[in-house]
Structure formats: C-alpha cells, structure tokens
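Can you build the whole structure from these sequences, using the hints too?
Protein chains: 2
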Amino acid sequence: MKDTVGILGGGQLGLMLAQAIDRLGFDTIIYESDGQSPCATRRAQVMPFLFTDVNKLKDFFSRTQHVTFDSENIPAAPLQQFAGQLIPSIEVLEISQDRAKEKQFLSKLQVNPVMHVVVPVGANVREAARAFGLPCIAKSVLGGYDGKGQFRLQSEADVARLPLDAAGGWVLEEVLALSLEISCIVARNETEELAFPIFENIHTQHILDFTLLPARVPAELQTQAKTTALQIARAIGLKGLLTVEFFVGRGRDGIEKLFVNELAPRVHNSGHVTLQACSLSQFDALARILTGVPLGHIAMSPGAFCMGQLLGEVWAAQGRTGGPLNLEALQFFPQVVDVFLYGKREARPGRKMGHFVVKEVSAEKALEVARAFRLALTQH
Amino acid sequence: MKDTVGILGGGQLGLMLAQAIDRLGFDTIIYESDGQSPCATRRAQVMPFLFTDVNKLKDFFSRTQHVTFDSENIPAAPLQQFAGQLIPSIEVLEISQDRAKEKQFLSKLQVNPVMHVVVPVGANVREAARAFGLPCIAKSVLGGYDGKGQFRLQSEADVARLPLDAAGGWVLEEVLALSLEISCIVARNETEELAFPIFENIHTQHILDFTLLPARVPAELQTQAKTTALQIARAIGLKGLLTVEFFVGRGRDGIEKLFVNELAPRVHNSGHVTLQACSLSQFDALARILTGVPLGHIAMSPGAFCMGQLLGEVWAAQGRTGGPLNLEALQFFPQVVDVFLYGKREARPGRKMGHFVVKEVSAEKALEVARAFRLALTQH
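Chains as they are written, first to last, in my numbering: chain X, 1350 to 1729; chain F, 1350 to 1729.
Derived from the structure by calculation, the hints contain no laboratory data. Where hints are given, some of them may not hold.
[As the list claims (entries may be wrong)] In silico lysine-lysine, DSSO-like type, Cα no more than 30 angstroms apart, as pairs:
#1 F:1701 x X:1351
#2 F:1405 x F:1701
#3 X:1405 x X:1588
#4 X:1351 x X:1407
#5 X:1701 x F:1351
#6 F:1701 x F:1714
Right, here's the structure in full:
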C-alpha cells in the first residue's frame, strides 16, 4: 500500500498521469474495466473491474495510498466508504459530476456561471424551457461530456422533440453569443497553489479540437480567469487538480464578459500542451500532489503552441481501424514537436485517438500549421 | 506481429524507449528476465525469460515486427537466426559488444581510437602489458560496463596482480591525460540521418555522474565529433541509434586531440537530457526508426542543461532501500526541471536509480546547481 497510487479510469489521461507517477518512483494501480483501454494494453497492474463492484474496489483501495480519477463521470456512491483516500475529495467529485450542484455552487460563490435554471427529475422540462425562454440549451444533470446529453432549443418544434427525462434531471442555460472558450488548470496541496497559463480552446461539434497557448484574450481577462479559478479551488477545498472551463461572450444582457462554464477536477485534454510548454506538466503537478512532493513553480517555454486533437475520422481517412497512423507528413512539418497516439484499437468517429503539438511564433500561426498538418494526415 | 515492436532488455532505457513507442500508437513487447526491472513492474507484455532461451526468443520475435535492445551486452549467437528483424543490425551489435572487434573497426576507419593492443584468450596478458608499457589500462574484451572488468596498471605490482583471464581476452590501452569526455548520439534510417548535440560527460568512479549541454569544448571540436560519429554510423551501415563516446586529451605523443573511446548502438544515459533540451528526444528518434516514421529534425530549447545521475547511495543516505525518494528539496531548486526515478526495488551502491535535469543560464551554473541539489537530497 505504501508508495502506491491508484487511478480510477485507464484512458489516455490515466496513462499520461501514471507515467508521471512512475517518474517519482511510486507504483501505480489502475482500475479500468475496458481491456482495450490505453492503460490495459500498456501497463502492468490494471484491475479490470466495474466501478460498481464494491468488493473489487475494497481490494483496490487496500492496495493503494491515495487514489484519483481520470473522469468525473464515475459513480460516487460506491466510493463513499473510501472517501479518506480520494484526491480530489468526494465532495469535489460530487459537485463537478452533477450540473445542478455545480451551478448551485458557482451561483453561491458569485463567479458568474451562465444564466440557468435547474429542472428536477419529474418536473416538466418542456414547460420549464418555454418559461425560461428560447433560444436555450438543455443539458442532462448527470453523465454528459463531449456534447452528449445536450440539446439546443431554438423553436417550439425543438422543445416538443426534447426528451422528457434525462439522467438526474435537466439544466437549462441561456445561449451566449460566444467570442471564445478558455480554460484554467489549477493545482493545490496543503501549502502551495499554482495556476497553469490560460488555454484557448476551439471546439468542433462539442469536442475539443484545438488548444492555443497563449490564449488570444487580453491580459486582464487572463488574470481574471486565473483569479476566479483559484477562488473556486479554495472555496471547494481543493487538494489536487481542477480545470475550470470559461466562456468569453455576451449573454441576454448583451455585455461581453467571462462566464464559468463547468468544472473538471482532473487532468484535462486542454492541458496536453503543458508537456511541451511548461517545466511542470499538469500530469507532473497531480503526480506530485498524490505522492507528497512539493509543487514548486512553473517555468514557461518561449514560443506559441497549438495542440490539435486527432479523432477517429483521421484513421478512417487513412483506411485504418485503430492503432498507429501513417505519419509520413511529419517530414514536411518541422513545427510539429510532438505526436501522441493513444493506441486505441477502435477508431470510432468523434473518439479521441491521439493529439499533436505545434510550436510556432504566434498562436495564429500555430493554429494554421496545425490545421494544415491534420489535413495532410488525412490525405495519406 | 504487425504494429508491434520488441525490446530486448527492460531497464530504465527500455522503459523510456517503450513510452516513446507507445506515443506512436504501436504496441511494445519487452523481453526481460528480471521481474523487478523498471519495465516488469510497470508495463504490460513483458516476457520474463533468459536471452539464451531460443524457444522463448522465437516466440518473442514471431510476435514483433522489429526488435531493438537497451544494452549491447547481450549474447549475439542466439539472435543470429532473427537477424533480419534486429535494429541496429547484428553486425553493429557484435562490433560494439566486443572491444577487440570495435578497436579493429575504428582503427581501420582511421578515426583515432585510443592507442591499444589486443591480447587474445590464451596469450599472456602480463607479458603483453610489460611490452605495451606502463601506465596502461587493461579492459576485458566482453561484458564490461561502468568500469567493470577494467584495471589500471601503474606498476609491476599491478601487472603481477592482473587476472590472467578475462571474458573474450584483453585490450590494453594507453593512459590519456584526460581533459574531458564527450558523447555524440546519431540516428539514421534509410533516407535520413541526424546528430544530436554534443554532450559533455563527467564520470565518477567510471559511472556517468553528470552530463552537460552545451559541452564546454570549442565549436570546431564539436563539429569534428559530430562528423566522426556520422562517419562511423555510415561505415557500420547503421540503421537505428549509435552513441559514440569520445575522450578529449593527450596520449603518449603529448598532443591534445579527440579520441574515439567506444560505441553503444542504443539510447544512452548521456542522452536523458534530450527529453528536456530537444524537440525530438533520443527515445523518440529510435522509436521513429523502429516504426517507420520520418525522423524530421531536432530543434533545441534555449538555455543550458545538466543531467545528474542518482545512484543507490542517495537512497542509502535517506535510509531507504528503493522506490521513491524524499524530494522536499525540490522547493528550494526551481532550476530542477525534471526528476525521473526508475522505481528499482533495490538501491545498491553504484546502481543507477534515477536522474534529474537542471536548466540554467550556463553549463557551469547548471552543474553547480546539480551538485547542490544532489547534496540536499542526501541530507534528508
């Protein structure tokens, strides 16, 4: 048990985190039921059981000192009896996996969440939507990610088509005139706290597509985002990592400002770029918190970076079903400083299969090169 | 077999290489008999058998496309029948693991190896040493690393104490007035070749202690070393990675120059710093060659770097037998941009257990900070 860390979830984020823990000389046990997951095919000590199997969880927790998770969409109830070992805490997990609790927490903290209304299970969501006013967005309270469980309601026809039931009920949100999206990852232990630089995130069909560093937003807004993220981390009593996603845009009041979108209490896909751009990556930061090593500080590499996600579509374009890609295009793109494929066996459309990082003189230029490189990959 | 790479050897070098192969979406199978090795405790797909077990080797090679090794001190004979899959080739392995063949090759190529004489098995090494002249160094032809199998002969008493037999016979070398040691890692596939920057290596008791980048040698000497390393790589028909170790110093003729010391056809401990200092690490370079991905080019990070090795003694000083270290000292050394522990269970004196990397404004300053950081680690 001593010197062993547990990770609930064995996707690409769990894999990268485990490698950071490796480097601190600790052992890692992964709890992941998918035998084809990035961790299962690469790592020793993977326990292939369901999150609801309390006996297996008991065994897992008895073999580990501290335990973290690579997704907030895991059942919290079976974890209650092991709460003392969880980093971040079970309270943080419960707030961030439940949109209703999350909105309540953010509203109480007055950090400007998007204007919203909670529609509990059993209440009539269609009537609630009409009362809230169109256009709006209906999101399921539980289980949504990458746009799953979300519906944009523009017209009465959309409202009439909206399913009545959603996991945990619904949250209705105003539609923003969006300028852009940013995220801030903060790390916190008992005596230290630090904020990673602000990332600009470009989503396509609700899935993170590109992350830019530096973000193309004014310095004051970046400072405001960092301050807000740290304020949330303190208020929630964070030990561990917390990613705060923000919108920059105009709501129904027409004033452009910063809105808190949602919280992810874990390493985040928008933070991949920290592996190249920062002396301490997001994975290193959480690994240090889990193993009691001081966080220290983050030094930035010069230059601008763009992380581009590689979805299943790229494999399909190459006539491949999974595994590696043809990377011949790399020879024409010296600005691509990293390619990281997750080794997933099945390249489904919209599935995150890998990412790459471009280094350039500006964020615009990096984004341009990233788009060109990804296009070149699909033409093989 | 498709999309699977094999590594013979599962130490820290094998582990870091495997992680680079992971990132290209390929699977990796490790062949390593030590169940406590860095790979065995961390990775899936480790085959725990001896290098002499031809049936198990057959199984291993049948499951992999290309195979490389993390040490040249492995028996070559059992690999003969699988030679077509080996990268680098079996010829490169045989030359670099046999000091007599290596010296012969370097002499023929006229790249200035240290003045030497080969003493075959059965010949009288003591007489040969007297004829070669003292002082000299006797090195076993096979199996030596980290100073193992080496004897410095200063006096007739040393000669009289020298064992008569050594694995594969002996090589006698002149003693140089050493200024410093450098290494150059070169990578080569069918159409591309590249040389990593020159590293300056400081050894303590024959074990690599610190690596500095940039090396504190004139630019002309660095160019000469790169040119020589590439010349050797071409002459040996290299596909893969080759580390060439050089001495800078004066031999019996009293003229300061560059001497080729020895060849290691693999990723090398002096190349750890490429993970921080270069856009493409030595592990990435070999991973790309093994998986058919273009090498591209290497961009350098600004600043100076020092890699410091962590031997078993540091664990002993902390009253630990293996695994993690107390890293509290990190908070006082923001210049330490990486700590990489290998997770070895048993911290023997002289055993490489981990390393760290310091980034500073100059090589001197980086070395100074590295010494101070390591000292601070021992005082916990």
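These are the hints, each one checked on the structure:
no. : hint            : verdict
1   : F:1701 x X:1351 : holds, 23 angstroms
2   : F:1405 x F:1701 : holds, 28 angstroms
3   : X:1405 x X:1588 : holds, 25 angstroms
4   : X:1351 x X:1407 : holds, 16 angstroms
5   : X:1701 x F:1351 : holds, 22 angstroms
6   : F:1701 x F:1714 : holds, 24 angstroms
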